[in-house]
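Order-wise, the sequence lines are chains A and B. FYI, the numbering for the first sequence is 1 to 144, going by the working numbering. FYI, the numbering for the second sequence is 1001 to 1098, going by the working numbering.
Read the hints as simulated data drawn from the structure, not as lab findings. Keep in mind that a hint or two might mislead.
[Stated by the list, open to error] Selected chain A positions facing chain B (Cβ under 8 Å, derived; list incomplete): (1) Asp-44; (2) Thr-48; (3) Glu-74; (4) Trp-109; (5) Pro-110.
[Unchecked claim] Have a look at the derived ranges for each label pair, beta carbon to beta carbon: (6) Gly-1045/B <-> Val-137/A: 22 to 32 Å; (7) Leu-77/A <-> Ala-1042/B: 19 to 29 Å; (8) Gln-18/A <-> Thr-1008/B: 19 to 29 Å; (9) Glu-80/A <-> Gly-1045/B: 21 to 31 Å.
Each residue gets a CB set at the ideal place from its N, CA and C atoms; glycine is no exception.
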Amino acid sequence: MTVVTSQGQSADIFPLPQEMRDEIIAHAKRDAPRECCGIIAGRDGAPTRLHETRNIAEGNRFYEIDPRQLIDLEFRLLPEQDSEIVAIYHSHPESPAFPSATDVRLAFWPDAIYVICSLADGDRPEVRGFRIRDGEVSEVTLTD
Amino acid sequence: MPEESGVTVLIPTPLRRFTGGEAKVSATGSNVGEVLDALEQAYPGIGERLRDDSGQLRRFVNVFVNGQNVRDRDGVETSLSNGDEVGIIPAMAGGSRV
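Chain A extracted, bound-state conformation (with noise of 0.2 Å):
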């Protein structure tokens, strides 16, 4: 398994401790039908901690968080923590595990990891990281 770079960035694994799976996956049984998002602060590539941010988009298939609220993450409160944007996450309540065409078009921010958690089957949520890099996706192996 590959790990870190010489800038320090993961290749191809993420850390993403069970505990913030479990947040992620219960923020999305709670919003469904809508989708759910967040995004997890961190140092130096390695979570610390989640934010649960609210979802202004219309209807139930699509998610863009509350930009007031994400200039405030960027900005203010994650750069006093001395921490930063590492993911996003967000829900498909319906459908697999993986980065949609409208996910892959809407990735304005390449160093961050993509997580996705699906409900499509409902009894086994499912999460997955990926990078979405110039339209390019590729999945990052989440370790706890």
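Once you've looked at the hints, dock chain B against the given chain A.
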């Protein structure tokens, strides 16, 4: 000519590659559009990430002046005062429709 104002511009992580890693830069302009013009001049390439060919803000880019979204004011025409803080934030968005 309207007086130019000196403002601080907050640059989000994905656009810092244009500013040499700087998270906060200074710019002048009497409104948001002029400040974005100044940014493009200082950091070529950043402008097209922010505005479309007609000069309007891209749908998935938001600009805040002192914490207020310029879409709720006059968009790129939103006037600026000395010392204002202009924050730029690309959307985090997507969907599951195939």
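Verification of the supplied hints:
1. Asp-44: Interface hint status for Asp-44/A: violated (14 Å vs cutoff 8 Å).
2. Thr-48: Violated - the Cβ of Thr-48/A stays beyond 8 Å from chain B, reaching only about 16 Å at its closest.
3. Glu-74: 6 Å, holds
4. Trp-109: 5 Å, holds
5. Pro-110: Hint holds; Pro-110/A Cβ to chain B Cβ min 6 Å, cut 8 Å.
6. Gly-1045/B <-> Val-137/A: 22 to 32 Å: 24 Å, holds
7. Leu-77/A <-> Ala-1042/B: 19 to 29 Å: 28 Å, holds
8. Gln-18/A <-> Thr-1008/B: 19 to 29 Å: 41 Å, violated
9. Glu-80/A <-> Gly-1045/B: 21 to 31 Å: At roughly 30 Å between Cβ atoms, Gly-1045/B and Glu-80/A fall inside 21 to 31 Å, so the hint holds.
Violated hints, in rising order: 1, 2, 8; the structure is consistent with all others.
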